[in-house]
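Peer 1: Next come the chains, spelled out residue by residue.
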Amino acid sequence: MIKELYKIFRENNYATVGVGIYIFFIIIAIFADLIATNDPLRINFSSSGLARNLPPSLEYFLGTTSNGRDIFSQLIYGSRNALAVGLSAALAVAILGTIVGLISGFYGGWIDNLIMRLADIALGLPFLPFVIVLAAFLGPSSWNVVIAIGLLLWPNAGRIIRSQVLTLRERGYIESAKVSGCSNFRIIFMHIAPNILPLSFLYGSIAIGWAILTEASVSFLGFGPSDVISWGYMLQDAYSSQALSLKAYIWFIPPGICIVLMVVAGFFISRGYEEILFPKIKK
Amino acid sequence: MYKKLSAVLVGFISSLLLSFFVSSASAEEIRSMKLWAREQAAGPAPHTAALIIAQTLNELGLDISVNAVPWPQMADQVWYKRLDEDTWDLTMWQMVSRPERSDPDEFTYNLFHSSTADKGYNFIGYVDPAFDALAEKQRVTMDPAARKVLIDKAQQHLADAAANAYLVHPLLNFAYDNSQFKDGSAVEQAGLGIKNIWTYLGIEPINGNQDLVAQSLDEIQAINPFFISGGTDSWITEIVWDRLLRIGPDGTPQPWAAESFNWVNEQTIDVTLRAGMSWHDGKPVTVDDVIFSFEAPMNAEMVPMYSPFVKNIESMESKGNNVVRFNLKSSNAAFLTSSLAKINLVPKHYYEPILQALEGTGNNAETIIEEKRIGSGPFKFVDWRQREQVILERNSDHFNPPKISRWIMKEIPNVEASLGQFRKGEVNFLTDYKGDPAVLANIVEEDGDITLVKSIDVGFQYMAMNHRRAPFDDVNFRRAVSLAIDRDVMVNAAWAGNAVKAGSHVSPALTYYHKDGITEYETGVELAKKILADAGYTVKNGRLHYPEGVAEKH
Amino acid sequence: MFDFWSIIRRFLYMIFVLWVVATIIFFMFRLMPGSPLTAFIGTTFTDEQHDLLVKRFGLDKSLFEQYTLFLFNTLKGDFGLSFTYNKPVIDMIVEALPNSIILTLFSLIIAYIFGVIAGAYLAWKRDTLIEGISIPIVLTTRSAPEFWLGMIALAFFSFQLDIFPSGGTSAAGVIYETTLSKLTSLHFYYHLILPSLVLALYLQGLPLLLMRSNMLEVMQEDFVTMSKMKGLSSWRIVIYHAARNALLPVATAFTLGVGFAFGGNVVIETVFSWPGLGRLLVFAVSSSDYPLAQGAFIFLTAILIIMNFLADLMYLFLDPRVSYKTKN
Chain Z
0 MIKELYKIFR
10 ENNYATVGVG
20 IYIFFIIIAI
30 FADLIATNDP
40 LRINFSSSGL
50 ARNLPPSLEY
60 FLGTTSNGRD
70 IFSQLIYGSR
80 NALAVGLSAA
90 LAVAILGTIV
100 GLISGFYGGW
110 IDNLIMRLAD
120 IALGLPFLPF
130 VIVLAAFLGP
140 SSWNVVIAIG
150 LLLWPNAGRI
160 IRSQVLTLRE
170 RGYIESAKVS
180 GCSNFRIIFM
190 HIAPNILPLS
200 FLYGSIAIGW
210 AILTEASVSF
220 LGFGPSDVIS
230 WGYMLQDAYS
240 SQALSLKAYI
250 WFIPPGICIV
260 LMVVAGFFIS
270 RGYEEILFPK
280 IKK
Chain B
0 MYKKLSAVLV
10 GFISSLLLSF
20 FVSSASAEEI
30 RSMKLWAREQ
40 AAGPAPHTAA
50 LIIAQTLNEL
60 GLDISVNAVP
70 WPQMADQVWY
80 KRLDEDTWDL
90 TMWQMVSRPE
100 RSDPDEFTYN
110 LFHSSTADKG
120 YNFIGYVDPA
130 FDALAEKQRV
140 TMDPAARKVL
150 IDKAQQHLAD
160 AAANAYLVHP
170 LLNFAYDNSQ
180 FKDGSAVEQA
190 GLGIKNIWTY
200 LGIEPINGNQ
210 DLVAQSLDEI
220 QAINPFFISG
230 GTDSWITEIV
240 WDRLLRIGPD
250 GTPQPWAAES
260 FNWVNEQTID
270 VTLRAGMSWH
280 DGKPVTVDDV
290 IFSFEAPMNA
300 EMVPMYSPFV
310 KNIESMESKG
320 NNVVRFNLKS
330 SNAAFLTSSL
340 AKINLVPKHY
350 YEPILQALEG
360 TGNNAETIIE
370 EKRIGSGPFK
380 FVDWRQREQV
390 ILERNSDHFN
400 PPKISRWIMK
410 EIPNVEASLG
420 QFRKGEVNFL
430 TDYKGDPAVL
440 ANIVEEDGDI
450 TLVKSIDVGF
460 QYMAMNHRRA
470 PFDDVNFRRA
480 VSLAIDRDVM
490 VNAAWAGNAV
500 KAGSHVSPAL
510 TYYHKDGITE
520 YETGVELAKK
530 ILADAGYTVK
540 NGRLHYPEGV
550 AEKH
Chain C
0 MFDFWSIIRR
10 FLYMIFVLWV
20 VATIIFFMFR
30 LMPGSPLTAF
40 IGTTFTDEQH
50 DLLVKRFGLD
60 KSLFEQYTLF
70 LFNTLKGDFG
80 LSFTYNKPVI
90 DMIVEALPNS
100 IILTLFSLII
110 AYIFGVIAGA
120 YLAWKRDTLI
130 EGISIPIVLT
140 TRSAPEFWLG
150 MIALAFFSFQ
160 LDIFPSGGTS
170 AAGVIYETTL
180 SKLTSLHFYY
190 HLILPSLVLA
200 LYLQGLPLLL
210 MRSNMLEVMQ
220 EDFVTMSKMK
230 GLSSWRIVIY
240 HAARNALLPV
250 ATAFTLGVGF
260 AFGGNVVIET
270 VFSWPGLGRL
280 LVFAVSSSDY
290 PLAQGAFIFL
300 TAILIIMNFL
310 ADLMYLFLDP
320 RVSYKTKN
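Residue numbers (numbering that gives the first Met the number 0), protein chains in the order written: chain Z, 0 to 282; chain B, 0 to 553; chain C, 0 to 327.
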């Protein structure tokens with residue numbers, strides 16, 4: 000695994016760029032308290048009243064919103080939400096997909112059948128509409144997106160991993176492990192799982208982008224939380240405060256670019272990774 | 000759901016803490032509270048106001064957070080769960096302008112009378128027999144001067160009780176393209192602005208323009224004379240169907256489909272129907288039609304939404320010569336406004352069979368979906384494509400025909416797109432602008448051929464407090480909360496200068512009934528702190544505590 | 000040969016999924032915070048009116064009764080009356096559906112035509128500068144939130160340059176007599192261009208990358224190598240041999256994409272005031288209009304799983320190498 004990761008860096012430009020972008024945002028997220036110049040939710044007042052729609056200045060690097068909040072600080076804190084949502088969604092998909100794929104592929108039979116029917120249901124739910132309904136059901140929160148991604152996107156990973164397990168199961172060393180009396184649990188997690196981890200990683204990295212984009216869309220439609228700063232929230236705030244008419248490009252372009260960077264980094268990594276997993280495409 | 004869970008947890012922990020405090024200390028800490036508000040997209044100004052208010056009140060030692068949720072959730076909590084154990088404490092609320100609200104009765108009675116406290120609009124739970132007496136008396140006082148005295152008293156009474164924290168009467172912003180309409184030909188109606196029937200009748204198209212293209216942010220739900228549905232819907236029903244009287248530009252009811260009216264005594268009124276009117280299908284409008292129009296809503300199961308407006312009618316009779324006599328159950332100063340100017344006149348020959356067919360089906364008149372919508376109003380219905388546009392055309396046979404040939408309304412779900420279409424001329428009358436007034440003002444300046452008309456709203460924006468719950472059952476506490484909020488900051492910061500300070504439920508737009516000086520009051524955090532200290536509230540560890548001996552629960 | 004019974008079985012699964020989804024959605028709406036009756040609150044709203052509404056909406060019945068009634072009516076194709084519009088839900092869906100279908104198909108077709116051609120081209124141009132520049136650009140367009148692209152497109156092409164209308168399916172005052180006259184009117188397509196281009200910009204990445212990688216795969220197979228040895232020009236090889244074989248997965252992706260894009264169009268429909276099914280759903284959810292929300296959601300689900308089913312069938316019929324049984 001680590002060797003493979005190293006390979007990505009060495010051989011693949013895409014992955015290097017992607018990882019670079021992530022490291023950049025992770026640093027920002029960790030040191031957000033130090034980097035941000037203001038409380039992103041505080042309403043600021045100036046001598047002439049509410050500090051609304053101010054242009055960039057030394058005090059507010061990217062100006063202020065219509066509510067008198069500091070755009071730059073919001074942008075900085077937004078990285079925390081994006082990373083939290085993206086990484087937990089990735090984790091959810093990778094873990095669920097792996098477990099389901101392993102069990103389904105290894106045991107087969109009625110368990111497999113049941114899981115595949117569940118997969119049918121998950122794949123039959125329209126994604127964004129489901130997130131919207133979920134947000135209305137659970138109340139606005141960024142975690143809705145993570146839950147929805149966990150609930151609906153595991154089958155993609157699960158199915159591929161399952162077929163991989165099916166082929167692995169027939170391999171000699173698994174057979175010999177079985178014969179030598181290893182427990183199923185041990186076989187699954189010690190012998191099969193390490194071989195499919197790269198796949199889990201791949202599907203997880205794809206989920207990062209999905210989660211961030213979905214969070215933005217849900218916020219934009221007004222189903223997101225209003226007390227948590229995310230880039231999607233910023234875009235929604237800018238749009239409903241008419242940043243377009245105000246020509247406040249400095250307000251609605253940067254969060255969009257941050258989203259693009261973060262999502263594209265996920266794509267880059269999964270792509271670079273794919274090329275290492277399936278080398279024949281590139282070679 | 001998270002909120003519920005966390006509320007349960009917080010409730011559990013705080014009750015544990017509470018029991019500790021009650022036994023050990025005599026003064027109890029005031030609980031953390033939520034200020035309910037609608038999400039930002041539903042109205043940026045009140046949302047900002049809520050954020051500023053929470054920030055201000057927390058300076059008093061309270062712990063208040065804004066809970067912004069969609070309307071069904073907020074209203075469910077505030078309205079239906081008002082008597083629940085874990086109900087609301089503070090909420091942002093608004094009353095919007097409607098023609099019939101130019102009579103002060105609706106707000107004065109329905110918002111504050113104790114009879115509406117448990118289930119009606121008095122959701123704040125304000126119960127005061129002295130006020131009830133005032134509200135009842137103004138309703139039956141027919142002499143305007145005497146009624147004015149009572150309405151003034153009512154306003155002062157509510158201000159002294161700090162019943163609500165009134166914030167502002169917003170300024171209504173409407174604009175039209177003066178390269179398509181003659182500048183100044185729009186008519187302003189008190190408390191409603193230039194978006195009203197008088198404008199639609201009087202506005203003069205120029206430079207080859209024929210149509211008025213209006214815009215709505217809300218979706219139109221129904222165009223039905225028996226159904227009061229979405230706010231925008233009434234803009235349409237109002238001009239397709241006539242009423243006996245209409246609220247004039249000055250805010251008072253004046254003859255319309257009725258040529259004249261005459262109070263025989265305080266409980267009897269004779270109305271003379273205008274001669275020569277016809278329905279959009281060509282048939283004449285008769286006294287029978289008028290009686291049918293008022294009788295239909297008396298069946299509350301069939302026409303539930305309009306039934307309150309005819310409740311006070313005992314009987315009607317045709318007196319010949321186009322005269323209809325209304326016998327009332329009790330005298331009512333607002334009858335002209337809330338009944339005669341409210342009920343849509345409908346053709347009996349068309350609607351009677353429809354209503355009869357609905358009897359016993361379990362459906363009521365609100366479910367009528369018709370190809371033809373027949374009224375007698377100045378505009379005829381032509382077409383409606385849902386979530387897109389409604390097209391009406393001029394009724395040239397009307398006694399007061401409009402100058403525009405078509406009235407079109409586009410449904411555009413967001414402010415930005417609405418403004419964009421207005422700038423491009425795809426919309427030539429901005430009728431529903433809930434966005435930033437400063438943006439609109441900029442555009443007016445840049446564009447050069449836009450006429451912007453601002454008027455004071457008959458409605459108002461306020462923060463409501465739940466009188467049923469401590470500490471809001473204490474008038475001193477309510478006063479402190481209300482007076483802590485700097486109304487100049489509300490006007491200038493939250494509403495960006497696009498509002499006037501409010502001090503009562505009667506808008507300054509209603510010049511006759513508005514109490515002079517009611518908006519002149521001191522505010523500020525220091526003042527609020529003083530009121531609280533005088534009333535025995537204390538601050539410990541940064542948090543406000545009840546006066547000694549007062550407990551959270553009774 | 001395909002197995003007739005496995006198709007039947009697959010079809011039954013489809014019905015089963017639909018039932019499960021309908022059930023999940025039904026209970027999610029009933030247990031949701033907020034009340035549909037709040038839409039009617041007003042200064043003159045009486046208790047009597049409230050009780051009438053509760054009765055008419057059937058909210059006085061037990062949850063189980065409401066559920067069985069809902070299932071029974073749904074089977075009959077009756078989704079009930081919308082609480083807010085007082086109109087049969089099915090009528091509202093039928094009105095919105097063509098707009099959504101056209102928007103989805105139009106943008107998918109643009110995206111796939113472009114994606115397939117560009118994908119094939121980039122496969123052929125493997126390891127060149129063009130590829131090096133294009134792939135990151137393609138990935139970037141896939142990474143931008145659709146509504147953000149829509150906002151920028153609207154600001155630029157409509158409000159700034161005034162080339163395209165800014166929303167809706169027609170200019171003010173234009174009447175389409177029937178759905179057919181709407182769908183055959185040029186005016187309608189003029190309004191369709193901007194939203195579908197934005198959507199297509201977002202959608203083209205998938206077919207492009209898919210086509211490219213399939214092409215690369217196919218081009219390594221023996222018959223392509225053989226053709227190369229026979230001395231056929233490389234572009235001819237791409238067109239006649241590789242592309243044909245690489246198209247199948249793309250066609251499947253298209254079918255799946257129809258079902259998928261349908262649900263995802265919600266944001267574009269909002270930005271461009273497009274009266275489609277997605278906006279109907281958003282409105283219904285935010286106003287707690289259960290019947291309308293349920294109806295719209297079940298329709299979106301049905302479209303999605305029918306498309307999934309068709310994609311399966313397509314594999315079955317078009318690709319002789321896959322037998323249905325082994326795939327499942």
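Hints in this document: simulated from the structure, not taken from any laboratory.
Be careful, since some hints might not be right.
Unchecked claim - Below, simulated SDA-like cross-link-like pairs (lysine to any residue); rule was C-alpha separation at most 20 Å, straight line:
hint, chain 1, residue 1, chain 2, residue 2
1, B, Lys-118, C, Met-313
2, C, Lys-124, Z, Asn-12
3, B, Lys-310, C, Ile-40
4, C, Lys-54, B, Glu-135
5, B, Lys-514, B, Tyr-79
6, C, Lys-54, B, Lys-328
7, B, Lys-328, C, Thr-45
8, C, Lys-124, B, Thr-366
9, B, Lys-118, C, Leu-96
10, C, Lys-181, C, Leu-96
11, C, Lys-86, B, Thr-366
As the list claims (entries may be wrong) - Label-pair distances were calculated between CB atoms; the ranges are:
hint, chain 1, residue 1, chain 2, residue 2, range
12, B, Lys-118, Z, Pro-55, 39 to 45 Å
13, B, Pro-352, C, Ile-112, 53 to 59 Å
14, Z, Phe-188, C, Gln-219, 32 to 38 Å
As the structure is a prediction and not an experimental result, all values here were calculated from the model.
Note that beta-carbon positions come from the ideal geometry of N, C-alpha and C, so glycine has one too.
Peer 1: All hints are to be evaluated individually against the structure, with a verdict given for each.
Peer 2: A quick look at each hint next to the structure:
{"no.": "1", "hint": "B:Lys-118 <-> C:Met-313", "verdict": "violated, 59 Å"}
{"no.": "2", "hint": "C:Lys-124 <-> Z:Asn-12", "verdict": "holds, 18 Å"}
{"no.": "3", "hint": "B:Lys-310 <-> C:Ile-40", "verdict": "holds, 19 Å"}
{"no.": "4", "hint": "C:Lys-54 <-> B:Glu-135", "verdict": "violated, 32 Å"}
{"no.": "5", "hint": "B:Lys-514 <-> B:Tyr-79", "verdict": "violated, 33 Å"}
{"no.": "6", "hint": "C:Lys-54 <-> B:Lys-328", "verdict": "violated, 29 Å"}
{"no.": "7", "hint": "B:Lys-328 <-> C:Thr-45", "verdict": "holds, 19 Å"}
{"no.": "8", "hint": "C:Lys-124 <-> B:Thr-366", "verdict": "violated, 62 Å"}
{"no.": "9", "hint": "B:Lys-118 <-> C:Leu-96", "verdict": "violated, 40 Å"}
{"no.": "10", "hint": "C:Lys-181 <-> C:Leu-96", "verdict": "holds, 13 Å"}
{"no.": "11", "hint": "C:Lys-86 <-> B:Thr-366", "verdict": "holds, 6 Å"}
{"no.": "12", "hint": "B:Lys-118 <-> Z:Pro-55: 39 to 45 Å", "verdict": "violated, 53 Å"}
{"no.": "13", "hint": "B:Pro-352 <-> C:Ile-112: 53 to 59 Å", "verdict": "holds, 55 Å"}
{"no.": "14", "hint": "Z:Phe-188 <-> C:Gln-219: 32 to 38 Å", "verdict": "holds, 35 Å"}
Violated hints, listed in ascending order, are 1, 4, 5, 6, 8, 9, 12; each of the other numbered hints is respected by the structure.
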